[in-house]
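Asker: Following the hints, complete the assembly by docking chain B onto the known chain A.
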Amino acid sequence: MKDFIDAYSWINMRYLFQGLWITVIVSIASIAGSYVIGTILGIIRYLNIKVLSPVVGFIIDIIRNLPLLLIIFFTYFGLPNLGLRPSSVWATILALIIFESAMIAEIVRSGIIAVPTGQMEGARANGLSYSQTMLHIILPQAMKKMIPALVSQFISLIKDTSLATIIVLPDLMHNAQIVYGENTSYILPMFLMLAIMYFVVCYALSLVSRSLEKRMS
Amino acid sequence: MISIFQNYGGELLQGFGQTLLCSVIALFFSLIIGSMFAIFETTPIKFLRVIARIYIEVFRNIPLLVITMFFFVVIPMFVVKIGGFTAGTIGLTIYTSAFIAETVRAGIQSVDPGQMEGARANGLSFWQAMRYIVLPQAFRYVIPPLGNQFINLVKNSSVLAFVAGFDLMYQGNVIASDSLSTMSTYMCVGVLYLVITMPLSYWMRHLEKKLAS
Numbered sequence: 024m025k026d027f028i029d030a031y032s033w034i035n036m037r038y039l040f041q042g043l044w045i046t047v048i049v050s051i052a053s054i055a056g057s058y059v060i061g062t063i064l065g066i067i068r069y070l071n072i073k074v075l076s077p078v079v080g081f082i083i084d085i086i087r088n089l090p091l092l093l094i095i096f097f098t099y100f101g102l103p104n105l106g107l108r109p110s111s112v113w114a115t116i117l118a119l120i121i122f123e124s125a126m127i128a129e130i131v132r133s134g135i136i137a138v139p140t141g142q143m144e145g146a147r148a149n150g151l152s153y154s155q156t157m158l159h160i161i162l163p164q165a166m167k168k169m170i171p172a173l174v175s176q177f178i179s180l181i182k183d184t185s186l187a188t189i190i191v192l193p194d195l196m197h198n199a200q201i202v203y204g205e206n207t208s209y210i211l212p213m214f215l216m217l218a219i220m221y222f223v224v225c226y227a228l229s230l231v232s233r234s235l236e237k238r239m240s
Numbered sequence: 017m018i019s020i021f022q023n024y025g026g027e028l029l030q031g032f033g034q035t036l037l038c039s040v041i042a043l044f045f046s047l048i049i050g051s052m053f054a055i056f057e058t059t060p061i062k063f064l065r066v067i068a069r070i071y072i073e074v075f076r077n078i079p080l081l082v083i084t085m086f087f088f089v090v091i092p093m094f095v096v097k098i099g100g101f102t103a104g105t106i107g108l109t110i111y112t113s114a115f116i117a118e119t120v121r122a123g124i125q126s127v128d129p130g131q132m133e134g135a136r137a138n139g140l141s142f143w144q145a146m147r148y149i150v151l152p153q154a155f156r157y158v159i160p161p162l163g164n165q166f167i168n169l170v171k172n173s174s175v176l177a178f179v180a181g182f183d184l185m186y187q188g189n190v191i192a193s194d195s196l197s198t199m200s201t202y203m204c205v206g207v208l209y210l211v212i213t214m215p216l217s218y219w220m221r222h223l224e225k226k227l228a229s
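Chains as they are written, first to last, in my numbering: chain A, 24 to 240; chain B, 17 to 229.
Since the hints were made in silico from the structure, they are not lab data.
You may find that some hints are simply not true.
Chain A regions said to be covered by chain B (calculated; three or more residues, Cβ under 8 Å) [what the hints assert, rightly or not]: (1) 187-196; (2) 205-214.
No more than 30 Å apart at the CA atoms, straight line, and that leaves these computed lysine-lysine pairs for DSSO-like [as the list claims (entries may be wrong)]: (3) A:73 / B:97; (4) B:97 / A:167; (5) A:168 / B:225; (6) B:97 / A:25; (7) A:167 / A:237; (8) A:237 / B:62; (9) A:237 / A:168; (10) A:168 / A:73; (11) A:167 / A:25.
Computed Cβ-Cβ distance ranges for the label pairs, DEER-style [said to hold, decoys possible]: (12) B:138 / A:81: 17 to 25 Å; (13) A:226 / B:196: 27 to 35 Å; (14) B:195 / A:164: 50 to 58 Å; (15) B:21 / A:201: 33 to 41 Å; (16) A:82 / B:141: 51 to 59 Å.
The beta carbon of each residue, even a glycine, is placed where N, CA and C say it ideally should be.
Extracted from the complex, chain A is given alone in its bound form:
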């Protein structure tokens, strides 16, 4: 019991919260980036533009089938071979954006497909142009259908930021490892705290999605 009280001293907790802050910042940046890029890629895939769409589709398929860890290594250890040297924060954000936007593109595409074709036809018959219909009629409806899938993707993004400890991103996992590395009797309390912190963040997000779903339907 004393281990627990000692392990949760203010200094250790502050250090963990600093890690949590980095985790949250990196997650938010990657969520924003991958949401925008993923939506654009998803629409490109849906539109069936000659050459472009199949190529984009093939690249998305490849990225979706690679482990995220490999992409993180790619951006952190591979890019310096090409003359770029991102810091660990930027390498993580870049890797997460690459990986998650491929995932989100697929979600967006299936969301658009799920909107009945009558919507498109009706809007066009009422005199809207194709891009107007897409922006004001199809996408809002598709968004509604995509919320559960999108949010669970974002939750897995938050969990996956922990993988970036391998390139020494000072996130929650990394800071906890440092704390229990200093004193082995802190191992159990640290793992408990790690689990609690990640759980709270991810579960809160899933609750938000549930209430969003309810409000929209």
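Answerer: Leaving out everything else, chain B in the frame of chain A:
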């Protein structure tokens, strides 16, 4: 890239084998555990439902790395000495089983409740009805999402690199730091991962289309 294959082919293949082995073992056990919790969630017994709900929510919302590191760091310290491969496989099993439980539960609930009622009315017990009537029907719907879970499992098995599990990712790291040509090494590793996941993902898409029509 070709020179990497020539010089380090043995290590790469060994890692490939380990990745495949660990994925198959984890899939097998997480299917059993996942189906068990899925059945718990659909039983009329409230206690079992609560336990299943807690298990699923907890392990779905904690990073795989935390679970794996727990088995790599904590268990050998307090309980029993286990290696990186075992720790990684256990972590993967627990993490994946929560997702599989969710998938199988959706499958069970998509089976017409009349099937269960009919079976019960014909004198089968709850477990018999589950085993012989509901589960076989549920698994038909569940196969494509389960395949996607397996793809995720193969990708997630790269977490073994953290715990010295000698999988593909680990060997890739060793080779990258040995040969210093990081880019082409990671490309080789990527190709080997794609060899497992790409055919599976196209096959699952095909199955999905077949089931939908």
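Asker: Are the Cα atoms of residue 237 (chain A) and residue 168 (chain A) separated by 30 Å or less?
Answerer: holds (12 Å)
Asker: Under the criterion that the straight-line Cα-Cα distance not exceed 30 Å, is the pair residue 97 (chain B), residue 25 (chain A) satisfied?
Answerer: At roughly 25 Å apart (the allowed maximum being 30 Å), residue 25 (chain A) and residue 97 (chain B) satisfy the hint.
Asker: Counting residues of the segment 187-196 of chain A whose CB is closer than 8 Å to a CB in chain B, do you get three or more?
Answerer: holds (count 3)
Asker: Taking the Cβ atom of residue 195 (chain B) and the Cβ atom of residue 164 (chain A), is their distance within the range 50 to 58 Å?
Answerer: holds (51 Å)
Asker: Do the alpha carbons of residue 167 (chain A) and residue 25 (chain A) lie within 30 Å of each other, as the hint requires?
Answerer: violated (49 Å)
Asker: When you take the CB atoms of residue 21 (chain B) and residue 201 (chain A), is the distance between them in 33 to 41 Å?
Answerer: holds (38 Å)
Asker: Would you check the hint for residue 73 (chain A) and residue 97 (chain B), treating anything up to 30 Å between C-alpha atoms as holding?
Answerer: violated (57 Å)
Asker: Straight-line Cα separation of residue 167 (chain A) and residue 237 (chain A) no greater than 30 Å?
Answerer: Satisfied, since the Cα-Cα distance of roughly 11 Å is no more than 30 Å.
Asker: With respect to the beta-carbon atoms only, verify the hint that residue 226 (chain A) and residue 196 (chain B) lie 27 to 35 Å apart.
Answerer: violated (43 Å)
Asker: Count the residues of the segment 205-214 of chain A whose Cβ falls closer than 8 Å to any Cβ of chain B, and tell me whether that reaches three.
Answerer: Holds: 4 residues of the segment 205-214 of chain A have a Cβ under 8 Å from chain B.
Asker: Measure nothing beyond the straight line between the CA atoms of residue 168 (chain A) and residue 73 (chain A); if it is 30 Å or shorter, mark the hint as holding.
Answerer: holds (27 Å)
Asker: Against the range 17 to 25 Å, how does the distance between the Cβ atoms of residue 138 (chain B) and residue 81 (chain A) compare: consistent or not?
Answerer: Given a distance of about 51 Å, which is not inside 17 to 25 Å, the answer is violated.
Comparing the model with each earlier hint shows violations of hints 3, 4, 11, 12, 13; every other hint is respected.
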